[in-house]
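Fit chains U and P to the supplied structure of chain S, relying on the hints for placement.
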Amino acid sequence: LTAITLTTDFGTADPYVAAMKGVILSINPLVTIVDITHEIPPQGVEEASFVLGTVWHLFADAIHVAVVDPGVGTTRKPIVLTTPAATFVGPDNGILSSALPDEARGAAGGGLARLPPGFAAYQIAGPRLLHLPLSQTFHGRDIFAPAAAYVSTGIAPKEAGPRLAHIKTFPPWRAEALDGGLLHGRVIRIDRFGNLITTIRNVQLPDEGHSQVDVGGVTIHGLSGTYAEGEGLMAYVGSSGYLEIGLPGTSAAAELGARCGDEVILRPATA
Amino acid sequence: LTAITLTTDFGTADPYVAAMKGVILSINPLVTIVDITHEIPPQGVEEASFVLGTVWHLFADAIHVAVVDPGVGTTRKPIVLTTPAATFVGPDNGILSSALPDEARGAAGGGLARLPPGFAAYQIAGPRLLHLPLSQTFHGRDIFAPAAAYVSTGIAPKEAGPRLAHIKTFPPWRAEALDGGLLHGRVIRIDRFGNLITTIRNVQLPDEGHSQVDVGGVTIHGLSGTYAEGEGLMAYVGSSGYLEIGLPGTSAAAELGARCGDEVILRPATA
Amino acid sequence: LTAITLTTDFGTADPYVAAMKGVILSINPLVTIVDITHEIPPQGVEEASFVLGTVWHLFADAIHVAVVDPGVGTTRKPIVLTTPAATFVGPDNGILSSALPDEARGAAGGGLARLPPGFAAYQIAGPRLLHLPLSQTFHGRDIFAPAAAYVSTGIAPKEAGPRLAHIKTFPPWRAEALDGGLLHGRVIRIDRFGNLITTIRNVQLPDEGHSQVDVGGVTIHGLSGTYAEGEGLMAYVGSSGYLEIGLPGTSAAAELGARCGDEVILRPATA
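Protein chains in written order, with our numbering: chain S, 1 to 271; chain U, 1 to 271; chain P, 1 to 271.
Same shape as in the complex, but just chain S:
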């Protein structure tokens, strides 16, 4: 029994997500549909990929549909991506980056990634997975939802259309290691509590010794284990394995005036 997840920037005030669900359930009435989020900032392709990347591995068996698609109606390809762990459906604009291992993703600047063994991408072009007639503006309903639904019924992804050797990706979310033990990262996401999620990964943190974090003109001394143990701005490893900056009871983002993309530096504590 398969689930289909949805990650979009459609919001929930409009019936766009429901349109996708109607299409999916009309093709596969038995599938369970799970909303990852529909509140990705408009055009936030990389953020959508990051957010999906923090949860897709929690689903034992699912097809993950991601639609943040500023290029809808242009020549960007709609694709189905199969991996050893799950299946993904979306536009080929980098939104499926988090389905790939770091090694397969492009260096800084992004670009095309050659798919590693066990991974395959197909352009959705054939008649078997399409819902006709197509609109020019709503491929979530007309291409991505039916493709996912048909695959959930057992149609092989290769039926979608031509196989692609490369897909567009963003570089891995991982801080740059600089001289002197410095880690140079950035804010990749601000959650609804105002916590800053950074590209500094827990596996990049030094095993021992004190650290300090520079962010938004402020220096935070030491890393904390839980929200509850600290007061004031604190740095800690968040639930998805990235270093986060939080402020218990209120918004660190508001306190710091921080925005996505802001620089975050972790360095050994100065004596």
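Keep in mind the hints are simulated off the structure, nothing from the lab. Misleading hints may appear alongside valid ones.
[Unchecked claim] Here's a subset of chain S near chain P, in silico, CB distances under 7 Å, partners left out:
(1) 3
(2) 34
(3) 37
(4) 51
(5) 54
(6) 55
(7) 58
(8) 59
(9) 60
(10) 192
(11) 225
(12) 239
[As the list claims (entries may be wrong)] Chain U stretches covered by chain P per the calculated footprint, using a threshold of three residues with CB under 8 Å from any CB of chain P:
(13) 20-27
(14) 134-140
(15) 247-255
Glycine included, C-beta positions come from ideal geometry on N, C-alpha and C.
For chains U and P alone, kept in the frame of chain S given last:
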């Protein structure tokens, strides 16, 4: 296997929608429930009907519950409406208009529509579909949810209560065709991207030749095929078949100071 | 067939709720998951309990998960609570108060409640219900979701860990009866329409005679039966059986500048 959809102005911060789901699942644990939207503006009966009208046909087999109900507790009747394509449940205040073909809906000014052949409405009055005791304020939980759930289990809609020959409707969403090839419409809905959805239908658009659109004191020249091809304010046929006004990357509604009900005129391009 | 409901302060912009759903569906792909709300104000433990308390009895067969958990990562215990009517999962911080009858809940000031016959609480500590490794910050995903999912598959709650004789509770939501027929309550919740939900219960209201309600420096004369029959500020028994203050068409909370915790007094009408 039937789905039940929900369209309301209840929002999702409060547990009102969950109350309806609890009632539904207690009667039919196997039914799939789909949220269309719960963010209809308070008392937006016509908007709710329009929104539901853009998606209900995408569900192969469903019972659509719509509850925007400023007259709750008064004499307006709760009804079940059966059509050749789907079943609808809601108050008889016009919210089920979009279940009817244009020809059956009242002229401007709205009013009562005689149901065409193949359509039947029943007042929910009998004991078989009601959840007692009734509250005076929450018929979504006490009348509409159980009625939909019982019908989803196979109870015939006619068990609901007395058959009604007429139901209340809004006039069709369609621009008025004026002399000189002018189409006179209005903004019926503003979506969360700030796109204006108008009552001008794609089937009303001229087959060829350039057009211009007057809205909010601005004139837009020509219709566009996709979001991506334009800059600045653009007019295009949206995914539901209505002419829309958008502004790529930002809100056309904010740019124009536009509101629901604003006049929109499409006219042949002036030389 | 069991449902699992979720009540949290996680919001829906972030993928935290989806993470819980992925964990649940990976353990029990057949379970139906229902969102009660994810918009509880941050740290609103008592409000979460109140909100869940207004709907859990509408579910014929469900496991209710409630996670508003400012003490995550501290020594507060995660628990499973079984009752004659349903099963509950959450932190032992008072959030499960509404699962208990009034008589079992502490007096004003709250505190520990001894569980009555037919009720049992277990600390989630054993290996059978845990999802390892644990994070320090996201027990919704790592403890509460898997515990509920395993119980939904038929694992006995007592497998969770040690039985607890007491759990933390808030006092019952019920007005204090004072001399002269006065009822002294407070605003426990403001819904999205701006209606004030008070702790004055319908069963506490006088059987006959006129009453007046003092709230926010204003006096409302008489109780109304429906929204539709009044104009201006009105007091009425809401759909959950508590006295509410509403203002048809707009927000009573905004009109009165009211906040949660504000005092509300019901008294016999002065001649």
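Do the hints match the structure? See the list:
1. 3: 6 Å, holds
2. 34: Hint on residue 34(S): holds, closest Cβ of chain P at ~5 Å, below 7 Å.
3. 37: 6 Å, holds
4. 51: Holds, because the Cβ-Cβ distance from residue 51(S) to chain P comes to roughly 5 Å (cut-off 7 Å).
5. 54: 6 Å, holds
6. 55: 5 Å, holds
7. 58: The hint holds - residue 58(S) has a Cβ within 7 Å of chain P, the shortest such distance being about 3 Å.
8. 59: Holds: closest Cβ of chain P sits about 4 Å from residue 59(S), inside 7 Å.
9. 60: 4 Å, holds
10. 192: For residue 192(S), the interface hint holds, since the closest Cβ of chain P sits about 4 Å away, which is under 7 Å.
11. 225: 5 Å, holds
12. 239: Holds. Min distance 3 Å.
13. 20-27: As far as the stretch 20-27 of chain U goes, the hint holds, because 5 residues have Cβ atoms under 8 Å from chain P.
14. 134-140: holds (count 4)
15. 247-255: Violated - the stretch 247-255 of chain U has 0 residues with a Cβ nearer than 8 Å to chain P, which falls short of three.
When the structure is compared with the earlier hints, a violation turns up for hint 15 alone.
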